[in-house]
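Chains as they are written, first to last, in my numbering: chain E, 47 to 491; chain F, 5 to 303; chain S, 2 to 313; chain G, 202 to 804.
Note that these hints are calculated values from the structure, not bench results.
Incorrect hints may have been included.
[Said to hold, decoys possible] Partner residues are not named here, just some residues of chain G that face chain E (Cβ under 7 Å, in silico): (1) P377; (2) G472; (3) E782.
[Stated by the list, open to error] Covered stretches of chain S, as calculated for chain G (at least 3 residues, CB under 8 Å): (4) 4–12; (5) 161–171; (6) 229–238; (7) 254–260; (8) 270–282.
Since the model is a prediction, treat every value here as computed from it, not as a measurement.
Don't be surprised by glycine CBs; every beta carbon is placed ideally from N, CA and C.
The chain contents come next:
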Amino acid sequence: MRKAFSPTLQTHAGQPVTFGSLMHPFHGRSAVGILLACLAVVGCETQYGPERTYGLRKDPVIKNGQKMMEERPLPDRPGQLPIASIKDLTEQEDSDHPFYRADSAKRKEFLVQDLVRDTGLISADDRKIMEETLEKLFGKPRDPKVAITDKDGNPDEKAAEGLQVDVTTLARGSVLYREHCLHCHGITGDGRGPTGKWVNPHPRDFRSGLFKFTTVNRVEKASLKASRGDLARTLRQGVEGTAMPSFNLLSEQNIQDLVSYVMHLSIRGETEVRTVLGAFDAAKMEMVDEDGLEEYINKASRSVVKAWKESQAAANAIQVPTMAFDPNDIANVEKLKESVQRGKKLFEDKKTNCNGCHVNYGRQAPYKADDWGTLSRPRNLTQGIFRGGRRDSDLYARIHSGIVGSGMNPFGKDLKSDEIWDLVNFVRVLPYPEMRKNVGIEIPE
Amino acid sequence: MSHAVHDEPGLKMGMPLPNGKLAMWLFLVTEIMFFTALIGTYMILRNGQTSAGNPWPQPHDVHLVEWIGAANTFVLILSSFFVVLAHHYLHINQPGKGAAYLGLTLVLGCVFLGVKAIEYKSKFEHGILPGRVFEKLDGPRGYEYVAKVKEQLKDIVDGKHHVDSKAMDAVKQLLTEITDNKLSPKQVNERVVGTKHVKPVDMPSNPQNVTGILELDSHAPISYSIPWGNLWASCYFAMTGFHALHVLGGLVIFAAPLVKHFIGGGLKPEDGLFVENAGLYWHFVDIVWIFLFPLLYLV
Amino acid sequence: MGKFWSFLFGITMVACVGLFVAAPFVGWWMVEPHSLHASRVDNLFYIILVVTGIFFILTEGVLVALMWAYRGTPDLKAGDIHKGELPGFIRPLANVFNTPHKIEIAWTLVPAAILLYLGMAQISTWADIKYLSRMEKQIKDGESPIVCDVSARQFEWRVRYPNSARLKEMQTIKANAGKRDWEKFSPHYDDVHVVNEVHAVKNKPVLVHLSTRDVIHSFNLPHMRVKQDALPGKMIPVWFTPISSNVDKEGKELPGKIWELPCAELCGWGHVRMVGRLYVHETMDDYQAWLAGVEKQQRNGTSPPQAVAANQ
Amino acid sequence: MSVSPSTAPAHAHHEPGFLGKYVFSQDHKIIGIQFLFTSLIFLGIGGILALLVRIKLAWPMAEIPILRDYFPDNAGVISDTAYNMFFTMHATIMIFFVIIPFLTGAFGNYCIPLMIGADDMAFPKLNMLSYWFMWPAIGFAVAGFFVPGGHAGAGWTSYPTLASGSLGVGQGIESPAFPGSGWGQFCWLMAALLVGVSSMMGSVNYITTIINMRAPGMTLFRMPMTIWAMFITAILQAFALPVLTVALVFQLMDKTMGSTFFLPPSGLDFGNYHSGPGGGQPLLWQHLFWFYSHPAVYIMILPAMGIVSDILSTFARRPLFGYRAMIYSIAGIAGLGFIVWGHHMFQSGMDPRLGTGFMVATIMIALPSAVKTFNWLGTLFRGNLQFTTPMLFSLGFVSLFIIGGLSGIFMAATPVDIKIHDTYFIVAHIHYVLFTSSLFGIFAGIYYWFPKMFGRFMSDKWGKVHFFLTFVLGNFTFFPMHILGVAEMRRRISTPQGTILEGGLQNLNIFVSISAIALGLVQIIFLINFLGSIFFGKRCTERNPWKSNTLEWSAPTPPGHGNFDIPPVVYHGPYEYGNFEGKADDNLMQTEKAVGVLPSQTH
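Next comes chain E alone, as it looks inside the complex (with noise of 0.2 Å):
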């Protein structure tokens, strides 16, 4: 029987093989092996090096991504992030990014308009606090940790309970993350790992808290993030579409290390958004909270921590009501084929005016940017792919709560749940042309 030695496997006692255990001599069989093994180990780590540490962003933040850019018929270039730090603003005038080509006036006014914050621009002796303080809170990727201090400035053990982001699950998420989100999602989780900017969409950026494919209840409140069943479930299946392949041979314990890691990158990352955004004033970038940086920083893990915590509360889950009938069975035809058609004319509705943005189902949709600066285009509905899952119940949650960052708003509050569902059978039908005859909708070739 072969030694297993692929991540994607549990050992007996239950911990996962990682590569650190690969490089323990005494899985070799042949002298030899085992010699030459004990020499090959010099050197060979699987964690990052000590050395090695987050550091501050460079990039500007993008505060309102959506305003910066017009419409588009085609997606980014491969190679391209969308802005890579402000100093470019000014040299990289032949860029092809939309932002590049906008003119320098225009640019300028990004930044008065305050859609734009130039981290280049915070003072060193601020950079330094900045820095310290998040590796205080934070750690280095080899250690991290989610280490909250209340008020008076004493850790506080129970900020970021429940959330798993104890340091022994935190050690081994980064090492799996180091294997495989790395190379797209970057050390930091800024979406900027070596074939990060190659792909289209690009990864996600962690770092400005926002989650696409969640269930949180956002019609309440919109500052939920995601709860760690949706980070699990998005690993688990991919999201089709994109390159973001699917983890789902991962073990289950490799998954929720890498859910908590994620959330550790994410806490980080908006944390250190929140006091660009928030510690300094929008043109010099000087500080002017009263508190202190160091405070303010405290101040802002606690929040985001907080937000973290209630994502997670199953009260604020969507709530999704059982669908007045069991589409499956083929009694209930007649009734798919009146709720598919009700969704066909909501869909064309004024109310929800899905079209406005599915232009011609979406086949039509042309590319807007999205929070984060990119382009993302408003899905093409007759393809039947859908990158948030394909479930009812993911179709329910997409139209009731909205995807965070595209543009797509929750409809929770304008829509009955049996309208929803009247939307959501509609949608699955739309892809499929035999099925559309069906149940009586036409929709132009």
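Chains F, S and G: place on chain E using the hints.
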């Protein structure tokens, strides 16, 4: 260790050919392989995938005119004949006549390229270029097609492009209907080319039996769907493009002895070898066209 | 020095053979065959291994022997040539060895015959595995294959199954060549979608409709001895019959029986990570139970997504 | 010896300056040496890339001390993209810039005129151009490392649609499929295209020279095996290369002009990108590519076989066994080589019925190789073996080519190929054929002709040390790969732990990597020996230090411009070693007239 001279083996080894001529033949072998690969690819792509319901474009669909191609073939054959004459006159030491026939060859080569340029222009005008042709009109591509046609119709109505007055009404009508978002991409295509010429694969679900704008004015600059159009354009430009490059190379080769004749002090019978090699090359270029013409224009 | 070099070559030869002999015992060897045609493939592999092994030992042995026997003196003098007499046991063959033509004919014809045999031995197995016409023979009338649609993309396998109702309908497919109704399996409203998981049933043929959305991938099941590239723009049928199962009633893999589905054709930076799993159920009932479970989970609108995430 | 005045070299040339003599030289010997040095430089680059590949495979997630500074955004680990670029360019450089230029460029240029008794190539200017066309190719090959997205990373086979992925017409050259498929792939295509032009010029020149420029008496069946091999290689190149050129042009057009030769009718989806409708076939590339690249495998081995045949005969002091059989088998390999390309595509989705035909042809191509091997053994039989360095490399060639040849039979067999295809078994096979065979042939040739080229010997002692270590470490490196392949380690994976099966092979991988690194370091011995001997080696004053028979040894050492001071006249074949009445030496040069019965006739 000493040997008498009469023991020497035969002095000249190898073939009774000058090195240059041998090398030219070898070069032509490589060229044959090159064009074989090109033509073979074309035949495989063309015959391997098309079906009765989704046929390869006819010459008419892609603005190929048979008689122009035929005339060009004649031009090239004639020029090949003149090279033979040029070589003949150099051989019998009449360099003046030789140079004259070389000049004629050169001129005919230029004529060939000129005609080719005219043919290319009509492709460029109608957007029959690799990657630019609209093929099957289902999916998002269909709506790009509608947008494109709308733009072209607007240009016509605005007077930027001229169409026959017969077609003007149809153009205006189509533009309003597109603006009102009444037509599906396939219907737009039907209105452009006319029901008779719509390919089965692009037939709308309810054909209208209309006369197309292109039937009224075949030169109207409006895009239309050509199934396999991108592949056709890819193959066409690859094959004729490389052939044209070879013709161009041939013209340069023929220019050399002419320059020598008029500037460098006159041609000599020894130059016959050069002209013979150039002629071999020219015959090859000619033969390639003789393959290309029926494959592209007639089959 | 001649002795040293012949010794080195000899050692190398022995080491090479030794590694191949020893490898299976330390686990560096082929995985066990688990499909109907897998052991046939393995047998052919072993036939070639034995034939090439014999030839390897023979030729390398002769090379080493010649190097040893005819190691020369460093100073070249006429007369050193032909010093070696033939060893006694070869001497009767001296006539053959001394007439190049005979031995040349011998060592051309014998390998030719062996090679031709090796070639011919492959044909029927290959045909059974890959010829579309033979599939119909393997998948007999009335016997329903497990049908699924595997669509590869960078870097995962997306698998689509007919739901239980459609599965029943598909049992009636007649297995006549050319008449197989591929259309029956076009995408449907009620299909079951899973990622990176291919499910099968023991002793039942599996028919995979293989396609890809972006680049060339290769559908590779080492335990089933299946490998087939997925070509963009084409749908390629792949079929095999597992003869043992690797999951228990609950659909969990038995210990040590993880059967993977790695991509075998370079498909980009994540090529190495593109790995799926094959689950072979013991009975059709187990399979249907699994299918129903996924169906319910995916199709039943009443299950709130939060339920999956609850208490984590 | 009387010399007929008409055949005396008549070179009324002025002495060229430094540039004309060593840089833009039209002398085949200088061009050969230029090719030699260029290839050696690229051997170094290709070798370093190979070591990077092996480092990543052995320690996939480690921060390697110096390397880590080059991958800051990947936490100091060689990224998968970079890994793909490394192995792609390792193969590309080794094939197009090392082995082919070494064998046909360096040895072809140097040896052909000398061994057939000509004073130069048929077209010296064309010859010079063929060398200088390497440089734009080299420029593109090197530039690719510095373009956005890095160099090509789709494997040296560059299969569409991974390699040809594009944004569509007019949208630029970047590719959504893979970072290196944009500008990097463009550079790759241009490099391959230009190197093809260079090879094409060379091959036309070689064929013409060999057919028309032979010395008096040098009939076709008196040519040494090296020349025969070069001749047939040149023919292979002339026939096969244009097909690759077409394929490269197609991919270049797909990339830059929006053509759709390799884009399927349905188009492709990459996340947010949907390519326009195509019409072409991705499989077409594989057919066109392998139509060239399979013969290219023989282009990369046949000259080495020729060189080895000559060296074996020389140092065994025996006539080459079955000279004509050797020639026919080379011709057989070349002929069959054109109809076996499909064996690279058994699992590719090509009609499996074609696979059967290709399989039979492929298995039969083992036959000529077997005949050659037996003939080499026959040559040693009853010889007087001189274990010089070139001889050792030649014996090493024979020994290890047997392994490479036999392992080829596995992948020729279609059902077995299902198992073997795209595993490390293939990697082992190609390295046994290209490293331990072609490169051993190249080393043998360098050690053998070095005295003629530079007028000095390479150190035999260090040569033997070099051989010993290369032989041992070469086997350590490449033989375990067979086992890796049988145990299901896939090819071209950046971490050998993608699957459980691969994970179990980690120790073997580390062993292979350490051997490979040692193997790389050992080549430094060769480098020092080579460069040092040019300046400080033992002088070679004789014309014929190895007491060989072929014509180049009758020229002065090193040969001057125009090669021969005494125009050679050939009386018999090149393999007459044995006893000659009234002759102290055991060899009879081709220029010497035979006395009595020739050894090759008695055998």
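Consistency of the hints with the structure:
1. P377: At about 5 Å, which falls below the 7 Å cut-off, the nearest Cβ of chain E leaves the hint on G:P377 intact, so it holds.
2. G472: Holds, about 5 Å.
3. E782: violated (56 Å)
4. 4–12: holds (count 3)
5. 161–171: Violated - the region 161–171 of chain S has 0 residues with a Cβ nearer than 8 Å to chain G, which falls short of three.
6. 229–238: holds (count 8)
7. 254–260: Violated - the region 254–260 of chain S has 1 residues with a Cβ nearer than 8 Å to chain G, which falls short of three.
8. 270–282: Answer holds; 7 residues pass the 8 Å Cβ test.
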